[in-house]
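The residues making up each chain are set out below.
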Amino acid sequence: MQPAEAKLVERSLTGDLAAFNQIVDLYQTQVYNLAARVLGDRTTTEDITQEAFISAFRSLKGFRGGNLRAWLLRIARNLCYDYLRSSKRKPVSSLDEALEAPGFVPPTSSDPSPESQALTGELGAAINGAIQTLPPDQRIALVMIDVQGYSYEDAAHSADVSVGTIKSRLSRARAKVREGLSAHRELLPDQFRQI
Amino acid sequence: MYDIFGMRHRRLHSLLSSYVDEQVTVAEAERVDRHLATCAEGRAELESLQATVGLLRSLPDLALPRSFRLTEVPESRPVAVPFAYTRPLMAAASMAAVALIAIVAVDLAEVGVSGDLVGVQAISEAPVSAMAESAMAPEESTDFAATGIESMAAPESLEVEMTLEGEPVTEMAVSEAAIGEVEVESAVRSEKALATTQEAEVGEENVTLEALAEPPPEEPGKPEPEIDSLVTSEMEITSEIAVTAEIGEIAELSEAIEKRADALESGALTPDGTDDTGRGGELPQAKAADGAIVETEIQTLASQGELGGADTFASDLSEDGFPYLPLEIAAGVLLALLLGGLLATQFAGSRRRQA
Numbered sequence: 000m001q002p003a004e005a006k007l008v009e010r011s012l013t014g015d016l017a018a019f020n021q022i023v024d025l026y027q028t029q030v031y032n033l034a035a036r037v038l039g040d041r042t043t044t045e046d047i048t049q050e051a052f053i054s055a056f057r058s059l060k061g062f063r064g065g066n067l068r069a070w071l072l073r074i075a076r077n078l079c080y081d082y083l084r085s086s087k088r089k090p091v092s093s094l095d096e097a098l099e100a101p102g103f104v105p106p107t108s109s110d111p112s113p114e115s116q117a118l119t120g121e122l123g124a125a126i127n128g129a130i131q132t133l134p135p136d137q138r139i140a141l142v143m144i145d146v147q148g149y150s151y152e153d154a155a156h157s158a159d160v161s162v163g164t165i166k167s168r169l170s171r172a173r174a175k176v177r178e179g180l181s182a183h184r185e186l187l188p189d190q191f192r193q194i
Numbered sequence: 000m001y002d003i004f005g006m007r008h009r010r011l012h013s014l015l016s017s018y019v020d021e022q023v024t025v026a027e028a029e030r031v032d033r034h035l036a037t038c039a040e041g042r043a044e045l046e047s048l049q050a051t052v053g054l055l056r057s058l059p060d061l062a063l064p065r066s067f068r069l070t071e072v073p074e075s076r077p078v079a080v081p082f083a084y085t086r087p088l089m090a091a092a093s094m095a096a097v098a099l100i101a102i103v104a105v106d107l108a109e110v111g112v113s114g115d116l117v118g119v120q121a122i123s124e125a126p127v128s129a130m131a132e133s134a135m136a137p138e139e140s141t142d143f144a145a146t147g148i149e150s151m152a153a154p155e156s157l158e159v160e161m162t163l164e165g166e167p168v169t170e171m172a173v174s175e176a177a178i179g180e181v182e183v184e185s186a187v188r189s190e191k192a193l194a195t196t197q198e199a200e201v202g203e204e205n206v207t208l209e210a211l212a213e214p215p216p217e218e219p220g221k222p223e224p225e226i227d228s229l230v231t232s233e234m235e236i237t238s239e240i241a242v243t244a245e246i247g248e249i250a251e252l253s254e255a256i257e258k259r260a261d262a263l264e265s266g267a268l269t270p271d272g273t274d275d276t277g278r279g280g281e282l283p284q285a286k287a288a289d290g291a292i293v294e295t296e297i298q299t300l301a302s303q304g305e306l307g308g309a310d311t312f313a314s315d316l317s318e319d320g321f322p323y324l325p326l327e328i329a330a331g332v333l334l335a336l337l338l339g340g341l342l343a344t345q346f347a348g349s350r351r352r353q354a
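Chains as they are written, first to last, in numbering that gives the first Met the number 0: chain F, 0 to 194; chain Y, 0 to 354.
Don't read these hints as lab results, they were simulated from the structure. Heads up, a few of these hints could be off.
[Claimed, not checked] Incomplete in silico selection of chain F near chain Y, CB under 7 Å:
(1) T13
(2) L16
(3) Q21
(4) L25
(5) I53
(6) S58
(7) K60
If you're wondering where the values come from, they're calculated on a predicted model, not measured in any experiment. Glycine included, every Cβ here is placed at the ideal spot set by N, Cα and C.
Start from the sequences and build out the full structure, keeping to the hints where you can.
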């Protein structure tokens, strides 16, 4: 953990809300993106993201140092997982069903480039829809590693499983997403037409 | 041979996902390379996999719809695993439970009842009147019982957990937090033959102890144990409580509870048993004290005349019944306090969950 972060944590533990909000500023984008890609619903994503930081503030005294980002993502990951399990929402069986599911709102990108916007339009919706067909464990593993770019070790640590388990989940998740996107090949950019 | 080859083929293809990320061993990578050199299907699958991963990784970050800064300090999370501290009703209920069990244990030890497992169930959806019966030899005096209560004082900090799902209960933890923030959880532990059983019946009328008390039957040589005491309570209990206690482990339980309280105070144990993210809440199990210690305490008390001549440890409970407990009033009051405390925590937990 960076020394500056350690100071922010120390001040937050005394109830300094301004210090904790600096931590929020540092990691809210990552936490929000993880929740958004996993949950696929904007309203729920905002609720879970806010709850993650509230929970982090309450649990800060239990933070034993180390990687603050991984700790925050673990909280967010657990909340997402609990929501998916408690809401008893079964993964949609097909990409078409995912795109038509109520509450699904195609996300927007902060990158104004044409390539980025293309990936957040119809194609982005197709990709997110394919992710929504995955069961919770596979979905979280795929989002953390392939979408968010975290390491296998970080993903395993946040899920409290072995790296081998993460590899297995990721392999199955990729296969299923590939299968779903292959039916919408016309949406894929040329360089991705091999799917 | 074909099957083996097919399995090997599938096995190598299953490594492709990790192979894309270079998350395979050197030996595995070499095996995959050799296989791909001769398998067109494998090469096509690898290209497809790489395109999929590339597409996923090219997804841009999503724009934040708003800031998630906290505008006010969040309220402290209610303690999921409560422990008794200073709340008067909870503390009184806890002490009452220990004292009640101790009284019954002492009397059972004195009359030498045989060791059968007995469970206590209190079921009520109406004003509760609990009946606890115990029998003692006619020559037993109330002075003994009073002395027994004093000598078997409850520990200062008592932790008791109790399940409210009809399963045997070994401990009941009560929180110091506001009643509205308390959740009572219970755990079951019952592995040996028991010493005492009490059955609580629900009635709508208040009955005094004196009115229902009956003298124990007289039998030459061997008084027949009989339990006769009655406690009244105006509180309603809406949950089913099952309590199973073992005489030989009563003191063990008290000692284990004290040890855990000390661990909490010293910080060796987090109050709610959660991990570093606040997740968890499973109660640590109180370690059972050494049986010899329990026996020694009982024997010590017996030698000091505190147990009214109980020469034999209450490890045998006869099947004939229960010892007559002349202090039915005291036992009933203690039981009422216990049930009242449990009811209060149950309602408090329900209100908090509804909130």
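Against the structure, the hints:
{"no.": "1", "hint": "T13", "result": "violated (11 Å)"}
{"no.": "2", "hint": "L16", "result": "holds (6 Å)"}
{"no.": "3", "hint": "Q21", "result": "violated (9 Å)"}
{"no.": "4", "hint": "L25", "result": "violated (11 Å)"}
{"no.": "5", "hint": "I53", "result": "holds (5 Å)"}
{"no.": "6", "hint": "S58", "result": "holds (3 Å)"}
{"no.": "7", "hint": "K60", "result": "violated (9 Å)"}
Violated hints, listed in ascending order, are 1, 3, 4, 7; each of the other numbered hints is respected by the structure.
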